[in-house]
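S.K.: Assemble the whole structure, with the sequences as input and the hints as a guide.
Numbering (UniProt numbering), first residue to last: 1 to 351.
No wet-lab data here; the hints were simulated from the structure. Watch out, some of these pointers could steer you wrong.
Unchecked claim - Cut-off 25 Å, straight-line C-alpha distance, at most; resulting in silico cross-link-like pairs (SDA-like, lysine to any residue):
no. : residue 1 : residue 2
1   : K291      : G88
2   : K325      : A340
3   : K291      : P272
4   : K291      : Q301
5   : K291      : P227
6   : K291      : V277
7   : K291      : A243
8   : K291      : P207
9   : K291      : T347
10  : K325      : R337
11  : K291      : S281
12  : K291      : S215
13  : K291      : R82
14  : K325      : R304
15  : K291      : R337
16  : K325      : Q301
17  : K291      : D211
18  : K325      : G308
Everything numeric in this text was worked out from a predicted model, so none of it was measured.
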Amino acid sequence: MRWPLPSAPYDDEILSSYLARAAFRHRLPPTVFAAQWWPDRPVWNRDLDRGEETAWLADLAGRAGLTLERVQAMTLDALRRRFGRGSGDTPLILSAGIFHRTRVRHAVQICPRCLADGEPYVRRAWRYSFVLACPSCMTLLRDACPHCEAAIVPHRSYRWRLDACHACGLDLAHRDPHPAVVPPAALDLQARLLAVLANDPGTTVGPWEGDDAFSGLRALVTVARHPDVLPALRAALGLDAAAISAGRFERMRAGNRAVILETVGHWLSDWPNRFFVAAGSAGLTQRSFRKVAQPGDLALQILRLPEGFARDRTFVPVLQDRVLKRLRRQNRAGYRRVRATRLLAATDPRR
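M.R.: Here is the structure:
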């Protein structure tokens, strides 16, 4: 059965925005609207923009009068395949942090200028963690209400508008008279990554072309965000000191991500010269990169770094080996004697 008042999605609209607009069009809160059409499914208790459940997307498409392909195009599923998806957070896509119907992280960014232009809706590109300025108008994106600093959760707006804060009800599109400035290096990196995403031929990000740029960027972000590494990297690259809160990149607020993207943008320029200068100043070694992807030329350049050393953390039992465990079961008195002897031997200062 189709919705009584179907509507068409806008260009680059994300699925949660479309479903919320459909609910508002029917004069219902999105939670009530979803419960009426899918009574056995907690639609808003998950990040539905991930697009993981094809059967439900097909059902939604039928009710909205759209093709399955058009509905899937509103999700992040195809992008997750390119960025490297997993069961948890997807690299380079902001993490929603959903607890029941509550969003505990700032996963939705909005452009105040675009949101105020016509019927408000949320774009997919605003969910990318490397996007700090609106790709359409280059206005600084915001990840919180300008009035109360609450996370942006459009589908919970009690004013039934996507441009109204769900917490205080005030206008999310309120223009800041003194907006922050996105670092030029971060903007250049954003533009290059979006060009790669659009399959623009000849676009490079550091040493990479194509989707290697996404895994390469995520690798450098992982290394650069470490609190012991970031200050040294920024000093070596001639950047001002900046402190950020610890955590995964996809869970960070926009200001912290801007610091990291600026750092990585400078680190990638003049490849590989700046890579070695900054890595040397920060004391990075091959082992610093052992847990990250190493696409293309990055792997070759890492081999030119010092090897580093590995800590031997092999556990060697002093007391509870197999013999002593067996003795404990069979002869408690003998176990205590042997255990005491071993303890004295282990603490003997002459050893």
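S.K.: Now tell me if each hint is right for this structure.
M.R.: Verification of the hints:
1. At roughly 17 Å between alpha-carbon atoms, K291 and G88 fall within 25 Å of each other, so this suggested pair holds.
2. Distance restraint check for K325 and A340: the Cα-Cα separation of roughly 14 Å lies within the 25 Å cut-off, and the hinted pair is therefore satisfied.
3. Taking the CA atoms of K291 and P272, the gap is about 21 Å. The hint holds against a cut of 25 Å.
4. With a C-alpha separation of about 16 Å, the suggested pair K291 and Q301 falls inside the 25 Å cut-off, and the hint holds.
5. Distance restraint check for K291 and P227: the Cα-Cα separation of roughly 17 Å lies within the 25 Å cut-off, and the hinted pair is therefore satisfied.
6. Between the alpha carbons of K291 and V277 the distance comes to roughly 22 Å, so the proposed pair stays at or under 25 Å and holds.
7. A threshold of 25 Å between alpha carbons decides the hint, and for K291 with A243 the separation of about 24 Å falls inside it, so the pair holds.
8. Restraint check for K291 and P207: the C-alpha separation of about 20 Å stays at or below 25 Å, so the hint holds.
9. Only pairs whose Cα atoms come within 25 Å are accepted, and K291 paired with T347 is rejected, the gap being roughly 37 Å.
10. For a cut-off of 25 Å, the pair hint linking K325 to R337 stands: about 13 Å separates their Cα positions.
11. Taken as a hint, the K291 and S281 pair is honoured in the structure, with Cα atoms around 21 Å apart against an allowance of 25 Å.
12. For a cut-off of 25 Å, the pair hint linking K291 to S215 stands: about 12 Å separates their Cα positions.
13. At most 25 Å may separate the alpha-carbon atoms for a hinted pair to count; K291 and R82 meet this at roughly 20 Å.
14. A hinted pair counts as satisfied when its Cα atoms are at most 25 Å apart, and K325 with R304 does not qualify at roughly 48 Å.
15. This hinted pair does not check out: K291 and R337 have alpha carbons roughly 45 Å apart, beyond 25 Å.
16. For the suggested pair K325 and Q301, the alpha carbons sit about 50 Å apart, so the restraint of at most 25 Å is broken.
17. Annotation: proposed proximity of K291 to D211 holds, straight-line Cα distance about 19 Å (limit 25 Å).
18. Of the supplied pair hints, the one linking K325 and G308 is violated, its CA atoms being roughly 38 Å apart against a limit of 25 Å.
The structure fails hints 9, 14, 15, 16 and 18 (numbered hints given earlier, in ascending order).
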